[in-house]
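Trainee: Chains as they are written, first to last, in my numbering: chain G, 1 to 201; chain W, 202 to 306.
Because the hints were derived from the structure by calculation, they are not lab data.
Computed from a prediction, not measured in an experiment: that's the story for all the values here.
Every residue, glycine too, gets a C-beta built ideally from N, C-alpha and C.
Incorrect hints may appear among the rest.
[To be verified] Listed below are several chain W residues computed to face chain G (Cβ distance under 8 Å; list not exhaustive):
#1 Val-211
#2 Ala-246
#3 Ile-267
#4 Val-301
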Amino acid sequence: MLDKISRMLKKRQSLVLGVYGAPNAGKTTLANRISLDFLGVEIGTVSPIPHETRKATIARQVNIRFNGKGVNVDLVDMPGIASKVDYRDFMKYGLNEEEAVERAKEATRGVIEAIQWLDNIDLALTVFDATKVPFDQVNLIILGNLKAKRIPTILVANKIDLPEARPELIRESFPGYKVVCVSALRGDNMEELYKAIAESC
Amino acid sequence: MKIDIISEKVTRRLSPNDKVKMIIERVKGKSILVLEERLKPEEQAELIKETMLEIDFKEFNGIEVITFNGEKKGGKITVVAPSDIVAVTKEGDFISLMYVAGCTK
Numbered sequence: 001m002l003d004k005i006s007r008m009l010k011k012r013q014s015l016v017l018g019v020y021g022a023p024n025a026g027k028t029t030l031a032n033r034i035s036l037d038f039l040g041v042e043i044g045t046v047s048p049i050p051h052e053t054r055k056a057t058i059a060r061q062v063n064i065r066f067n068g069k070g071v072n073v074d075l076v077d078m079p080g081i082a083s084k085v086d087y088r089d090f091m092k093y094g095l096n097e098e099e100a101v102e103r104a105k106e107a108t109r110g111v112i113e114a115i116q117w118l119d120n121i122d123l124a125l126t127v128f129d130a131t132k133v134p135f136d137q138v139n140l141i142i143l144g145n146l147k148a149k150r151i152p153t154i155l156v157a158n159k160i161d162l163p164e165a166r167p168e169l170i171r172e173s174f175p176g177y178k179v180v181c182v183s184a185l186r187g188d189n190m191e192e193l194y195k196a197i198a199e200s201c
Numbered sequence: 202m203k204i205d206i207i208s209e210k211v212t213r214r215l216s217p218n219d220k221v222k223m224i225i226e227r228v229k230g231k232s233i234l235v236l237e238e239r240l241k242p243e244e245q246a247e248l249i250k251e252t253m254l255e256i257d258f259k260e261f262n263g264i265e266v267i268t269f270n271g272e273k274k275g276g277k278i279t280v281v282a283p284s285d286i287v288a289v290t291k292e293g294d295f296i297s298l299m300y301v302a303g304c305t306k
């Protein structure tokens, strides 16, 4: 699969790198880390409330480098994909009903936007919360659609700084994929992720 | 709440769009659907998109969906349920449907 990235990169100056995953997997934290490392700025707001990212956010011309090799990407932080959006879940975080419903409406539009973006990306980082069971149907739907569209993906086992993280479950559940374990929050092992992306060119 | 078990003979005759519409309509009507087929990833993505458009932030707040591959050819199912009524989980070869506590529907 990474061979395909390599062939694509040889043909193109930059590609569209989509950051996918379920809500609160750490997509924006990861996108911020990548953007901070190579552009010096963050691209999105992080929150413990699910669906904080409700519109796709783009950082353009991010030159991801490792050991002298580099690749230019337009980094797209996607809204989380979910099959349900219950406004009452947001009220548990202190939002009033009106705020919660508005957030839920925006979240449903975000889910649709993230799915539509699948037609426009060249490479995906599929982010997993390593403290949770990886065989979630949303993850299966994301990976199934990427495979059907022949879009290469690197699985990112995030939150490995937490003691309950079990990134090995992700490797066991998806044996055909390249899996990189990181803590986007602390920046742990990001070099391996940059290596996985940059070495493919 | 009721459970609809739908044969592949029925879904085979439907276009992907009509299949998604049929699923949404029944799930919004508080049915748990057991389809005798594994929905394709593209169909599941379409199902999620349509679900997002149908969420009314009152009675219908989304779906639970899960697919299952059996050992034998044709031994595949998809379960779709209203998330306000049941939570669906899959562990190994077991699919569990759990009534959502506090639900009055």
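Trainee: Which constraints among the numbered hints does this structure fail? Numbers only, ascending.
Mentor: 1 and 4
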